[in-house]
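Trainee: Residue numbers (the working numbering), protein chains in the order written: chain A, 1 to 102; chain B, 1 to 483; chain C, 1 to 498; chain D, 1 to 408.
Among the hints, erroneous ones may be present.
[Stated by the list, open to error] Output of the computed footprint for chain C on chain B, the stretches with three or more beta carbons under 8 Å from beta carbons of chain C:
hint : stretch
1    : 151-163
2    : 386-394
3    : 463-471
[Stated by the list, open to error] For each label pair, taking beta carbons as the anchor points, the in silico distance ranges come out as:
hint : chain 1 : residue 1 : chain 2 : residue 2 : range
4    : C       : Ile210    : B       : Leu271    : 26 to 34 Å
5    : C       : Gly368    : D       : Val321    : 29 to 37 Å
6    : D       : Phe36     : C       : Gly359    : 37 to 45 Å
[Said to hold, decoys possible] Negatives, chain B to chain A, calculated, CB over 12 Å:
hint : residue
7    : Pro28
8    : Gln106
9    : Asn199
10   : Gln365
11   : Leu460
Source of the hints: derived by calculation from the structure; they are not laboratory data.
From a predicted model like this one, the values you see are computed outputs, not experimental measurements.
All C-beta atoms, glycine included, are put in the ideal place defined by N, C-alpha and C.
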Amino acid sequence: MNTALLYSLVGIGLFSLGLYALIVHAHLLRKILAINVMGSGVFLLLIALAKRTATPLPDAVPHAMVITGIVVTVAATALALTLMVRVAMENHRAELSDQSQE
Amino acid sequence: MVPSSEIPWGALLILLPLAAAILCFVWPKLAVVTGVVTMLLLTLAVGGFAWQLQREGLYQHAVGGWETPLGIGLYGDGLSLLMLAMTVLVGLAITLYARSYFNQKQARVFWPLWLLLLAALNALFLSADIFNLYITLEMVGLAAVALVALKGGRDALNGAMRYLLATLLGSLTYLLGVALLYHSYGTVDLVLLAERIDNSPVVWAALGLMGAGLLLKTALFPLHFWLPAAHASAPAPISALLSALLVKASFYIFLRLWLVLFAPLGGDVALLLGLLGAVAILWGSWQALRQTRLKLLVAYSTVAQIGYLFVAFPLAAAAGAMLWNGVSYLMLSHALAKAAMFLAAGNLLLFGGHDRIAELDRAVQRLPISTAAFALAGVSIMGVPPSGGFIGKWLLLEAAIEQGYWLLAAVMVVGGLLASAYIFKVVGYAFTRSTATPEPQSIPMGMEWAALLLAIASILLGFTAPWVFALLGIGDPFGGGAP
Amino acid sequence: MNESVWLPLLVIASSLIPGVIIFALAERRVKLRTTLNLCGALLKMALVGAMLWGVYHGQHYEVRLALLPQLELVLRADALSLLFVTLSSVLWLVTTVYAIGYLEGSPNRSRFFGFFSLCVTATVGLALAGNLITFLIFYELLTLATYPLIMHRGTEASRRAGKIYLRYTMAGGALLLVAIIWLYTLSGTLEFTPQGFLDGIDEQHHPALIIIFVLLIAGLGVKAALVPLHGWLPEAMVAPAPVSALLHAVAVVKAGAFGIIRVVYDVFGVDFATLLGVTGPLVIVAAITIVYGSLRALFQDDLKRRLAYSTVSQVAYITLGVAIAGPIAAVGGMVHLVHQGLMKITLFFCAGNLAETLGIHKVSEMNGVGRRMPWTMAAFTVGVFGMIGAPPVAGFISKWYLGMGALEMDQGWLILVLAASSLLNAAYFLPILYAAWFCEPSGPWPEERNFGRKETAWALLLPPVVTALLALAVGLLALAPFTPLAWVEFVVQREFVP
Amino acid sequence: MMNSDPYGALLWIVVGWPLLLAIPAVRRCLPMADYFAILPALLLLLLPMDFSSTLSWLLLGTGVSIDGERRWILATVVLIWALVAMKRRATPHTTPHGQNTFYLLTLAGTLGMVMASDRVGFFSFATLMGYSFYGLLLWGQSKPLEAVRRGARSYLICLIIADLLLFEALLLSAFNPQMEVSRLYLLMVCGAVVLKAGIWPAHFWLNASYRAASPLSALLLVLPVVMALFALLRWLPLGHVDDGVAGLLILITAGASILYAGWRFVQRPVQGERLAWLSLFASGWVIASVGVGLIEPLWWLQYGTLIYPLIAAVAVILLMVALLRPPPASPSQSGDSALWMGRMWIGCSSLSCKLFAGYSLCYKAGLQRAKQLQNGLERRDLIGLLSNWRNATTLFVLLGIALAWLVN
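Isolated chain A, as found in the complex (with noise of 0.2 Å):
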């Protein structure tokens, strides 16, 4: 078993441990750490993929990827994360309402 190999499978222990998480948590802040542990992981096997070039040299390319998509997580938790204190100020706990307004 190689590096590469661990670290892919730990990515994608995160992730089902992410999504596991995301279904079963209904506190909203716990679901959007779910996202982001889901996150990591695919990060993890993104970077782990770099190593799989023969050369010392890693792969830039998953890297770029990754930075990409470190930046985009970032924005997609902000996002989250103002949703979630409004929605939280709607309900009255963080949580999701299944009622209609009507």
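Position chains B, C and D against the provided structure of chain A, taking the given hints into account.
Mentor: Frame of chain A, contents of chains B, C and D only:
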């Protein structure tokens, strides 16, 4: 003057709204003007792009001169053009509508987001590699979530949150698939991938992940749970946008991937997709019929219509390019029609103050233009001739019957009948004798006409198929020779 | 482009464009609306006249517009289509005049006349359709355009009627769609061809073709009100009288019957259909419809409902004539398309007059109405005798040819069906006449409106009288040139006799 | 025969003129329209030539003509109408508004029947005459009595069935002229005539009408009898066909009519009915001679022409009696024969309702109807029973369907 053939129309399509978005953000007072002007310029740009595409065939462009795999490549063929045109058509109507819909405070948020969304959408349709597709998809999703939440209120915020979680989940799953594919083939470029792809477990896993992510975003049954809430609770122009364009964006990616990567692999998967589509048609239509609120009805109708797009997959192997033409056409006409319906529903909601179907008659009769828009769009949704929906459905049905998929054919027909049932459930109120007292017309004409024009366009699509198909054939996106 | 391309388009446009403009007109622009309506109707008649002349002299009118890469929207004026076009454009003019009178002062007239024009546009397009897909397009358009007309009154009853109408017709349209696509996948063409285009098809597909035929007839039979698909028609009588006239005589029911003619003759071809063995069951269905419709009509007290069941029975004559599959019967069936239209529209106009002028809706209220409204009832009488098939009104000619055709094809038992129908027609119509002419009024009229010395408004009186005279004339002058009979013989000669 | 235009035009004028006068607006411009209406016919009677005119575009190519034999009938018709016109002028106040229209339509129909040279034309004019005569019967009274109504209604039923029979016969003969000598054709035509002329067993309408007739109607009632007998002569290819069975059937009918009429006549009938029995008696003889003609065509060829004067004579006698007859006392509800008919009716209609058992509406209505019928029969009100539309037609249709099924 630069000769028009040398203008980089493709890049303009992305940069123009992006720049305008920043301008709007910086200079909120100019937001409306900028928005409208940008939209018009975009229309022009799509025209130019079409012209260019027709002259030169495939469009390929490396941004900043960096070639793949490192750089960002733009790629355009007939399918991209169709999607761009769809975006612009719906966008024009939404722009016209939104001009009067939002108050000053909302407008300051709306216009930058809307233009950003346009930029992201255009970029999505022009992307050549699966990673860029991810980025654009995410951008589109985030902008859309913000827009859903724009008006505030409990329903909207809840819907937005649900939508955000779904969209993030979808795109992360998709990204994981991208990672797997990159791992196997060392590229994210669609063309290169198509050359290298083979039948291996990793590909299957990637297919599963990317597919699941995209289907979630496309809201294919049973992954549609987030859609009705989000689509119904958003402000009218946003609902239109979501149903007409966003769902199509993820479907577009799915279609692209399917065409170049997965089609050779998965016969059974195609059948599964077809079955899910069939169930979606029935379930969505049935749910739509049961709704008591107008916007929910329209939203469930979207669930059903998405089903039609997926019914095509099991048929595609034998039917060839013409079927995909049909699917694209269905996509286009659904976009126009559904946007028209949401805009019209928005007018009714605004006028009546509610959207309970059973109490709509007063509003329906006071707003003949909106009602007409709803009804005309409904014609296309039902797939009754003459309309774009009919053309698409015809091609689908033809393929289904030719290949003996009687069940799918029956589902499509029954779906059409259910659609007519739920549409006439609403339209019927236009004819009840209500005791309407004359009251001031409180809906601006622009908003009514935006809906009507879209609806008329969806009807006129019934007559433009050969012409559109010719454009669609540019670059041969569906393989198997141009139609 | 020359006139042979423009003329069919203009015929369509002559009602489409006024219709669209009328939608946009404000409610109070009565004069402009009336002018538009009448101009459109007159223009259409003139154009149709020109086409008639042209087709008679061998001119070919055809427009093609690509709808899909291999499928085209084809508008073609052949002799058969002109028969229907002429009928509907003439009756449209009359009905428009009537509707203007009938709806005077009522709300939502712009909407009404807009859909009214659309309805006729669809009918004319359907008549001119040169292939099945074009036919389907206009067929569905017709459904959609008639729905608001049926719902026009906006009462609970009319909503119900509209719902039922939609249920039937949308389902019919869906069946038609499936059948057409299936046919297309088998044959690769949908173009109407004299003698049909299917005889070259491999024998292994014959069972499929039989199913397709059944589907097509079921889809068309909904509009043609073949039993058991007739349920919507009696319900739809809640619509205003001009709409009923339109449904029963000009557009909807006729569209179904016309479609059946097309399917049997120009899609399957008589010989091939007979070979498949599908005409026999169709004859039986038509025969059952004829008798059943009349039987049900006997028990209706509502005048318009009685007329509606009568339509169920009468329109099946057309189907019968087609299904007998002989040239003489074909003449009978097709000429009944026109004759039934003229007679039934007269009856509905009269029923509308009674309702509008005296508030009479039921047969039992009609005692002595002949003395109050002699002209209306005289027209009604002509229509009734036409329905019974008494000479010299038009119905006699149809029955004559149908009977001869049945004998020609050794289907003598159909004569009994025709006789039964005549008898039943007499049984449910003559009591009305008796009550109207020979009974004393049993009291004041339910809702009388005063029109001074006239029995009712001119716009209401003139149309039924004109159509009654026409019904009389086409029967009396059956063998003169340019009567419906002469034209139908021309059609049959041209298209069905090789 | 000559076929020259002015004479041809005259023929059409004879028919068309009363039709034109039937329009109230036209009639109002002309005094004494009754007399004027028969003027062209009178003129035609005075021209001693045979001529004809055919219009190929009219109906299915209809023509009119006149010849020596039919002059007898024409003369009879003109006589009847002249008498009627005189009678009407004598009592002008009894004619209600609109009656003239029916008079003139009936007149036109009668004249057309006499002169029609083909069967389709004949049939058309017969229909015209039949229905307008029905109108006339009803409108002939200033205040139609219930008895009159019943008579008229049963006349109408007979008329419709007879017309149907004639129509089918017409179809048969037009489709294949060979059919003309078929027994089916012969029987259908005879059946129609039996119904229209009120021969036994379809005499009930004539009987009922005479019983309630005014002096004027009594005159008029001669008309349908004469015309129906005339139709028999026109439609049967007498002398060219030899059909013993049909002839025998007709003879039996005729014999029964004669005997029945004679028996009723000596039974001290009600005032008005005497004429009916007389009429039945006379027409029985005419029918009998036709029956003989069918059995022995040669006799017919030899003596057949005598039948026209015979009919004319019968008509004149009937007219005389009708003229001399005193006005009727209040019409009484005298009993009528043919109870078996009523019984059969009930049986059949209840049977039909049972056949329709699933068809609840009809079933309920039918049961009620059957009960009414029962009551009606107890009151011996046969006419009322016969005029029961729904049962009659339902029965007919059921029989027709059954027959059709059997045939195939």
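Trainee: Any hints this thing doesn't respect? Which numbers, in order?
Mentor: As far as the earlier hints go, only 1 is violated by this structure.
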